[in-house]
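**Q** Sequences and hints are given; from them, build the entire structure.
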Amino acid sequence: MASITIDLSDSQFQKLQDLAKAHDIAIEVLLKASLEDWLNLQKGDFVNTADYVLLKNAELYRRLA
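Residue numbers -11 to 53, in our numbering, belong to the letters of the sequence shown in order.
Where hints are given, some of them may not hold.
Simulated DEER-style distance windows between Cβ atoms [as the list claims (entries may be wrong)]:
#: 1; residue 1: Arg51; residue 2: Ile(-8); range: 46 to 56 Å
#: 2; residue 1: Leu29; residue 2: Gln2; range: 21 to 31 Å
#: 3; residue 1: Leu4; residue 2: Asp33; range: 44 to 54 Å
#: 4; residue 1: Asp25; residue 2: Gln5; range: 12 to 22 Å
#: 5; residue 1: Gln2; residue 2: Val41; range: 37 to 47 Å
#: 6; residue 1: Asn45; residue 2: Asp25; range: 26 to 36 Å
#: 7; residue 1: Arg50; residue 2: Ala8; range: 48 to 58 Å
#: 8; residue 1: Leu7; residue 2: Arg50; range: 45 to 55 Å
#: 9; residue 1: Leu48; residue 2: Asp6; range: 49 to 59 Å
#: 10; residue 1: Val35; residue 2: Ile(-8); range: 19 to 29 Å
#: 11; residue 1: Met(-11); residue 2: Asp33; range: 54 to 64 Å
With a straight-line Cα cutoff of 27 Å, these simulated DSS-like cross-link-like pairs (lysine-lysine) come out [unchecked claim]:
#: 12; residue 1: Lys20; residue 2: Lys3
#: 13; residue 1: Lys31; residue 2: Lys20
#: 14; residue 1: Lys20; residue 2: Lys9
#: 15; residue 1: Lys31; residue 2: Lys44
No lab work stands behind these hints: they were computed from the structure.
Glycine included, every Cβ here is placed at the ideal spot set by N, Cα and C.
**A** Spelled out as structure tokens, the structure:
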């Protein structure tokens, strides 16, 4: 497993601590879950855009084939 180090301001770190405490989870768990959600959202956006382009240009692709 890879690891990463990032610099946070004191206020950013405090907000993370507060949020993790509010959900009764470790900061690391909160960050991993948030990152996973963000990565999946990005993939979904790409797939949706690709599907739109392929559908929109389907006739053109058929003629070019």
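**Q** Does each hint hold? Answer for all of them.
**A** A quick look at each hint next to the structure:
1. Range check, arginine 51 to isoleucine -8: about 47 Å between beta-carbon atoms, so the 46 to 56 Å window is met.
2. Under the hint 21 to 31 Å, the C-beta atoms of leucine 29 and glutamine 2, about 26 Å apart, fit the expected range.
3. In this structure, leucine 4 and aspartate 33 break the distance hint of 44 to 54 Å, their C-beta atoms being roughly 25 Å apart.
4. Between aspartate 25 and glutamine 5 the CB atoms are about 20 Å apart, so this pair conforms to the stated range of 12 to 22 Å.
5. With their beta carbons about 43 Å apart, glutamine 2 and valine 41 fall inside the hinted range of 37 to 47 Å.
6. The hinted range of 26 to 36 Å is satisfied by asparagine 45 and aspartate 25, whose Cβ atoms lie roughly 31 Å apart.
7. Range check, arginine 50 to alanine 8: about 52 Å between beta-carbon atoms, so the 48 to 58 Å window is met.
8. In this structure the hint that leucine 7 and arginine 50 lie 45 to 55 Å apart at CB holds, the actual value being about 50 Å.
9. Hint check: leucine 48 to aspartate 6, Cβ distance near 52 Å, so the stated range 49 to 59 Å holds.
10. Judged by the Cβ atoms, the range 19 to 29 Å given for valine 35 and isoleucine -8 holds: they are separated by roughly 26 Å.
11. Taking 54 to 64 Å as the suggested C-beta distance range, the pair methionine -11 and aspartate 33 does not conform, at roughly 26 Å.
12. A threshold of 27 Å between alpha carbons decides the hint, and for lysine 20 with lysine 3 the separation of about 16 Å falls inside it, so the pair holds.
13. Between the alpha carbons of lysine 31 and lysine 20 the distance comes to roughly 17 Å, so the proposed pair stays at or under 27 Å and holds.
14. In summary, the hint linking lysine 20 to lysine 9 is supported, as the alpha carbons are separated by about 15 Å, within the 27 Å threshold.
15. In summary, the hint linking lysine 31 to lysine 44 is supported, as the alpha carbons are separated by about 20 Å, within the 27 Å threshold.
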